[in-house]
Every structure is written in structure tokens, then in C-alpha cells.
Amino acid sequence: MADLSTNFLGIKSPNPFWLASAPPTDKAYNVERAFEAGWGGVVWKTLGEAGPPVVNVNGPRYGAIWGPDRRLLGLNNIELITDRDLEINLREITEVKKRWPDRAMIVSIMVPCEEQSWKAILPRVEDTGADGIELNFGCPHGMSERGMGAAVGQVPEYIRMVAEWCKQYSKLPVIVKLTPNITDIRYPARAAKAGGADAVSLINTISSIVSVDLDNFAPMPTIDGKGSHGGYCGPAVKPIALNMVAEIARDPETRGLPISGIGGVSTWRDAAEFIALGCGTVQVCTAAMTYGFKIVQEMAQGLSDWMDEKGYATIADFQSRAVPNVTDWQYLNLNYVTKAKIDQDLCIKCGRCHIACEDTSHQAITSTVDGVRYFEVMEDECVGCNLCVNVCPIDDCITMVRMTDGADPRTGKPIDPDYANWTTHPNNPMARQAAE
Amino acid sequence: MTMAETTGVKAKRLSDAEYADNFSDIHPLLTAHEALVEADRCYFCYDAPCMTACPTSIDIPMFIRKIQAGNPVGSAKTIFEQNILGGMCARVCPTETLCEEACVRETAEGKPVKIGQLQRYATDTYMSRELPHPFKRAAATGKKVAVVGAGPAGLSCAHRLAMHGHDVVIYEARPKPGGLNEYGIASYKATNNFAQREIEWLMQIGGIELKLGQRLGTDISVESLAESHDAVFIGIGLSSAYTLNIPGSDLPGVEAAIDFIARLRQAEDKSTLPVGQDVVVIGGGMTAVDAAVQSKLLGARTVSLVYRRSREQMPASRYEQELAAAHGVHLVFNAKPVRISGANAVESVEFEYTRQDGANLVGTGETVEIPANQVLAAIGQWMEAEVGELELDGTTLARTPENRSPMPYPNVWVGGDCAHGGEDLTVVAVEDGKIAAENIHKTLMA
Chain F
1 MADLSTNFLG
11 IKSPNPFWLA
21 SAPPTDKAYN
31 VERAFEAGWG
41 GVVWKTLGEA
51 GPPVVNVNGP
61 RYGAIWGPDR
71 RLLGLNNIEL
81 ITDRDLEINL
91 REITEVKKRW
101 PDRAMIVSIM
111 VPCEEQSWKA
121 ILPRVEDTGA
131 DGIELNFGCP
141 HGMSERGMGA
151 AVGQVPEYIR
161 MVAEWCKQYS
171 KLPVIVKLTP
181 NITDIRYPAR
191 AAKAGGADAV
201 SLINTISSIV
211 SVDLDNFAPM
221 PTIDGKGSHG
231 GYCGPAVKPI
241 ALNMVAEIAR
251 DPETRGLPIS
261 GIGGVSTWRD
271 AAEFIALGCG
281 TVQVCTAAMT
291 YGFKIVQEMA
301 QGLSDWMDEK
311 GYATIADFQS
321 RAVPNVTDWQ
331 YLNLNYVTKA
341 KIDQDLCIKC
351 GRCHIACEDT
361 SHQAITSTVD
371 GVRYFEVMED
381 ECVGCNLCVN
391 VCPIDDCITM
401 VRMTDGADPR
411 TGKPIDPDYA
421 NWTTHPNNPM
431 ARQAAE
Chain S
1001 MTMAETTGVK
1011 AKRLSDAEYA
1021 DNFSDIHPLL
1031 TAHEALVEAD
1041 RCYFCYDAPC
1051 MTACPTSIDI
1061 PMFIRKIQAG
1071 NPVGSAKTIF
1081 EQNILGGMCA
1091 RVCPTETLCE
1101 EACVRETAEG
1111 KPVKIGQLQR
1121 YATDTYMSRE
1131 LPHPFKRAAA
1141 TGKKVAVVGA
1151 GPAGLSCAHR
1161 LAMHGHDVVI
1171 YEARPKPGGL
1181 NEYGIASYKA
1191 TNNFAQREIE
1201 WLMQIGGIEL
1211 KLGQRLGTDI
1221 SVESLAESHD
1231 AVFIGIGLSS
1241 AYTLNIPGSD
1251 LPGVEAAIDF
1261 IARLRQAEDK
1271 STLPVGQDVV
1281 VIGGGMTAVD
1291 AAVQSKLLGA
1301 RTVSLVYRRS
1311 REQMPASRYE
1321 QELAAAHGVH
1331 LVFNAKPVRI
1341 SGANAVESVE
1351 FEYTRQDGAN
1361 LVGTGETVEI
1371 PANQVLAAIG
1381 QWMEAEVGEL
1391 ELDGTTLART
1401 PENRSPMPYP
1411 NVWVGGDCAH
1421 GGEDLTVVAV
1431 EDGKIAAENI
1441 HKTLMA
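Protein chains in written order, with the working numbering: chain F, 1 to 436; chain S, 1001 to 1446.
Treat the hints as calculated values from the structure; they're not laboratory data.
Just so you know, not all the hints are guaranteed correct.
[Unchecked claim] Cβ-Cβ distance ranges computed for the label pairs, FRET-style:
{"#": "1", "chain 1": "S", "residue 1": "L1131", "chain 2": "F", "residue 2": "P393", "range": "33 to 39 Å"}
{"#": "2", "chain 1": "F", "residue 1": "R402", "chain 2": "S", "residue 2": "T1400", "range": "55 to 61 Å"}
{"#": "3", "chain 1": "F", "residue 1": "T338", "chain 2": "S", "residue 2": "G1328", "range": "37 to 43 Å"}
{"#": "4", "chain 1": "S", "residue 1": "Y1242", "chain 2": "F", "residue 2": "R70", "range": "38 to 44 Å"}
[To be verified] Covered stretches of chain S, going by a simulated chain F footprint (3 or more residues, C-beta under 8 Å):
{"#": "5", "region": "1135 to 1145"}
{"#": "6", "region": "1314 to 1328"}
Since we're looking at a predicted model, the values are computed, not measured.
Note that the Cβ used here is the ideal one computed from N, Cα and C, for glycine as well.
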């Protein structure tokens, strides 16, 4: 049995699955249920400063997009930070941590960008016995209009400044939660590191309008005829999150900075992918909001089964293993030639590969052979793009097969076993000349 | 309360509730949720096999995608463009041997997309809303076309002709239009007077006059219609059933399955219909299955469906066979009737077992006697009609690929079951009528 336990910034948890700061972690009742179900840790829903709490809208707070059979693919929310009294939250955090000492308890915080505000709240959080804090610099809606959340996360100088305050006024490990609503995620990550943050977590939600009500011509969710952009999350955002995680993991300036991965983690496989790109833990919200807390059991058991199968005894055994393989396009091997191959025994003859290739790609798949419906790759036309694989409804029916000898029937050029990339390609005007 | 033990041929074998339940819709309309879940299963195939398998070439992936995209009305329009009787075809088509057999998910999982039920969802949605008829008539051409027979072929032909701006008169022998849709389909496939409602809806196109009680040979003739109209379409179906030519086939209790089915369809109150305690249905097509299942639903104690050839050769699909079996019909294969016995009415049918000897079906000499007080013969139908000098091909009307009668009248088209090569399928008849109408239009406007 694989050991799923993690030690992230010295914070131990029995597995890498934490619930992200969000509605599922807003109060003791939910968090206790989560721990009972098996979650390794939680990031308590973001606390604001003392005094009257924020208020939420009383209309709909979520919008969504769905795949077939109404499977939830993307969720958008306009909920703000906790709308419960600070004192109640602090008391509950203290109690829950006491009852569940083996679980990670991180507290998310968002207060105005003033030193005094942070100085005031940090000791209060520390007093709860929590294991760490997460700075919410990511929330893209509502709070950002008040100069908090993403409004801070979009300005690297602010990130650095607040991180410094937190390190100054608290002994707790500091995780900076990054917003994806920027152009280059490396800058805020570098700022967090420069400010002394112990880790970053990402991504927070993406600014979004999920749909428009065509009867009332208003964004969804609609509150009395109006809508506002929300924060987008769920399986649909995973590719964006993975890329941003990888960018930070391989950036020479932030390499080695611990990362808690967030963004559409729905199965053990998603978690394994985030960890392979360098994450020490993952945070989950939408999957729990869709299926309930029990989902963690599939995740933990699935990860464990996969690790057993692959011979990884601990999370560290495969953590960051994919990072060295993330590279720039210019370093990809241009001598690597693949051709699509259709397994005729698995093919159900839907023809989607043909029409995708015919209409939108390289006209490399037949629709009939000798007058009979038959889908076959014409290797002299196939550029190896992989579109057919992606539109095929059957697993493994179409695979990409590497050519290792002979000549590429499309170009007529012999297969070159050596690696060669764009930087030295003759068509590249910027190609570096080999030294004389 | 069941009174199935009553011997002989009797009505009121079941309680009112049992009749109502037995003759309710066999495949109730999908709910919006069910339709969306099912529509999501469609892969939107290229050059879709289902579409190729549909005799009317309905763009099935497109109509399903429209359901999926929340546009069931548009979906119905896609269906009606190819098949104006798409609502009835959704109910009666043997989809398991047509579109659904060809569905790639049948290949993938042995579970095709429920195309027939989705088609019904779309067409019923359209027809249940107070929407204008989906097609508009073209400018009047001044041409007049006679359509003989208000069955699927004739209705389809008439609608397409009217759409092209021609004036159409339909001549129908029976008191109601619809042909097989009205008289020849199992009740549970077209409940709620659907055949008549569909025809009323179809007639909204305008330009179609319906004349009932007009029988070829007595009230009208091919020759006179050909003279008084610019074109004539004959779609009179196969009105007469073949009779069993064995000793005892004239005994009371023996009748044609199509007459039994027609009576059943026309009966407002099914409890008034007499049915035998023990029923034997002879034949292997859909009519045989419809008669057998409905005998059971009327309260017969035993129903045997006896087919002279093997299960594999049975024209009724495996689905239809299983439907019959599920209703308690006893399926007997490789047995041909040799004698019907009884004192004053039928009491039993004797069958001889058969085997295939090359191309020939031969008796084995071994016999079996099945008790019966009602025998329904479903061994095929023929065209009993006065068709003047129209050329025949065997026992049906000869036709060109454009569904034109080759001789001797230059302006007569034919289609549906009465035309050579007819397949005894509503959907094929609809296509015949459509092809004929397009060809008539082309010819008249040339």
C-alpha cells in the first residue's frame, strides 16, 4: 500500500487531498463531514477583517456549463468570502483543529491591503492552532472591486508587500493563492517568493460569464435582471491550471517553490498530474460541490492503486517527474514522425475522424475503400496532428505510431533518428549557426 | 378481475382497467429529460449509417443534434422535410431493422440511440404546440393531380404535390383516410386517434381535397382520372388477404388477421371485442405479430403464432418476436397448417412440421394439433382492385425507378405496397409517394 501522506511546509496530512477555500469549508459542520469522509486537509473559507461581515447576494450565486448528460464541466460563482462573523469562524476553526489534529487546517485570509489590517488578524488566526495561512489574492469578483482579492494578485508589488507583512507578523507558513487573471503567472509567483512566502497555490477562479439568458438578455446567474462576472472553476479549467503550475515549477526563479495545485481536480488522475508537475498537495472544490465529500475516497484509493501499480511508495517518488519534460516549442524534436493508425477491430465506423480530417485538417482519412464504408489513414497525407484521436469516441481505437525507419511517405524524407529542433532548422531565420 | 377461462370466442374477458392498461401507448412519449439524455448519446456521425438505413433519408444526426441543442421544433422540421408522416413512422417503423440497427452505438455497445423515440419526441412536440404548418405552398400551378388511396403513400404524395402548388384530390375507398395507419397497425402503437390527428395536421398545407368512399372500379376508374387530371398517383395498397387453402378454412372462427386488426383499431371500447380462449395466428410478418399480441391483450388464454419457416427467416424482426414472447405468445416455427377441424366452429388446427431442403420447404410428415377457437390468417395480402389497363409485374403494379407506371396511360404514377417491390413498410410507402410527387412535379412543370 502506497503511503499517501504529505508534508507540505511542515504541515502534515494523511493524503494530498485538501478542500479548497470555498463554500464547502465555510463552517465546522461541513469541515467535520469532510474529515469524516477522508479529506486530508481543508483551507477554511476566506476570513475578512473583524466587524460586520460581508453580505452575499440572495439570488443565484452559480452558473454552469455542462457536457453530455448534463455532466458539470465548469462552474462559475459570484459568492464572496465568508459572510459569517469572524469570531464564530475563529472559534470553530479552533474546535475543529483540536478534534482533528492529524488533518491540515489552513486558514484563508483576505483583508484590506493595509499593514494594520493584516497585523490585526494574523495573531487571531495563529491562536486557533491552524497549521498555516493562505492569502486570497485571487478572488476575481466582488472583493476585487474593493481593492482586495484579484486586485492584489494582479499587482506583483502588492503580493510581495503583503507576503512580507504576513511573514513579519505570523509564525505560520504562508501560502499565496494566485489569480490566473493575469498575462504571465510567473511574475506574481516570483513576487510571492520574493516576499518570503513559503508556497503558492493556484489557480484561483477565472473571470467569466458562463452564459447569457436569451429571454432576458442578462448574464447568468441573473440577479433581478443583472449579472456580474464570476469566478470559473471545475474540470474545464484544469488545462489552464496545469500550464500555470508547470510555468512556475520550471521557472528558474521559482523552481522548488512548493505549490498546492488547484483547478478542476476531479479524479485521482487529475491529482497525479498536478503532483507530477510539481505540486505537493492538491485542492479540490467543484468535484466535492458536484458529488459530495465521498468523492475523496475514489481519489485517494485511485491514487494509491496507481502508485502501487507503478511502484511508487510515496508521493515524493513521482512528484515533479513531469517538470523536466515541459519545454518550449522550439525544443521539440522535429525529426519525430508519427502517423495515426486506426484499429479496424475497434472502429465503430462513425466517421468522425474522416470528417474532422477532411473538413478541417489534412484530408488524410478515407471514408470508403472499394465502395465500402471504411476509415483508414493515408500515411502520405497524415501530418500526425492527433485530431482524429481526439474526436474518436472509442478509447484507443486510433493511436499515434512513431515511424522509426524508412522514409516519411508524406515528405519522402528518410526518418532521421537524431534529435533536431527549430533552433537549428534551416528554415529558421534566427537559427544559430554552428560554430566554425 | 380476469375471466379468461370462459370458453369459446367471447368479449369482456378482462376488467376495464386491464383493457385500458393493455391498450395504452407501448412506448410513451419521452420526457424532456429522457430526450436530452438520449440525444446526448448521438455521435453525429459522418455520412451517418442511420440516415442511409432510413428509407426516407431523414437527416437523423441533425434532428438529434437539434433536440440536444434545445430546438425540438427545428428538429421536427428536419424530419418533416423528408417524411411528412414522421410522427407515425416514429411509432410504427421497425427501427430495430432500420436506423437503429445501423447506429454505430449498436456496434459499439449493442445499444443504439433510441432514434425512433427521439423522432417521436420531436414530432409530437411540434404537433402538440399551436404552431403553423411547417411548409408553405408554392404559387398555384393550375395543375390538378388525382391521388388514389389515402394511405401513407398517397398522403405523402399529396402533401408534396400540394407543397409544389398543385391542386390535389385524394380518392379513398374507406370511410376514413389513413390506410394501414388507420386500419392496419396495432392499437398500442398509435393511440389517441393519432392517425386521424396526423392527417388533419398534414392537410393544413392546403390544396388537398379528400373524397371518401371512392372505390376504384365502382366509383372511379384509372382511365377517367387520367383523362380528367394532369397526373394520377395510385397508392391503393394491398387490400385483400390471402386465405388459407386447407380443409376447414371456411369454419366459423377463421378469419384474416387484417380484418381482426382493423376491427380492433376501430373499436372505441376494446371490451366489446370477442376473442378466442385459444387463438392460433398463422404467418410470420408484423401483421401476424400485431394480431397475436393483441389477441393476448384482449384476454385470450393461449395464443400460438405459427410460422412455416425458421425463426431466422421470419419477416417479423427479432424485436417483434421478443415482444410477442414477452406478452406470452407461444412462437412455433417450421410448422405449416394442413387442416382446421371443428364441429360447428373451429376447434383445432393441425400443423405439419417442415424443414428446409435446399430452396424448398418440405413437410417432415410429423404433425401437431393445436387447440383453437379462433384462427387468424396473416399469410400475406394482394391487390384486389380494378386498375384498368395498368401494366402489372406479377400481381402488383409495374413501375419505373421514378415510380411511374410504364403503360398504357402516360400520366400515371404508382407507389406503396401495391407497386412492384413494395416492402410492406409505412416508411417505404411514404418515400414512394414522395419520389412520385417530385417526379410528377418535374414532369408537369417541364
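Comparing the hints with the structure gives:
The given range of 33 to 39 Å is respected by L1131(S) and P393(F), whose C-beta atoms sit roughly 34 Å from each other. A C-beta distance of roughly 57 Å is found between R402(F) and T1400(S), which places it inside the suggested range of 55 to 61 Å. Range check, T338(F) to G1328(S): about 59 Å between beta-carbon atoms, so the 37 to 43 Å window is missed. Distance hint check: the CB atoms of Y1242(S) and R70(F) are about 53 Å apart, inconsistent with the given range 38 to 44 Å.
Here the region 1135 to 1145 of chain S counts 0 residues with a CB under 8 Å from a CB of chain F, which misses the bar of 3, and the coverage is violated. Beta-carbon proximity to chain F at under 8 Å applies to 0 residues in the region 1314 to 1328 of chain S; the threshold of 3 is not reached and the given coverage is violated.
Checked against the numbered hints above, the structure violates hints 3, 4, 5 and 6; every other hint is satisfied.
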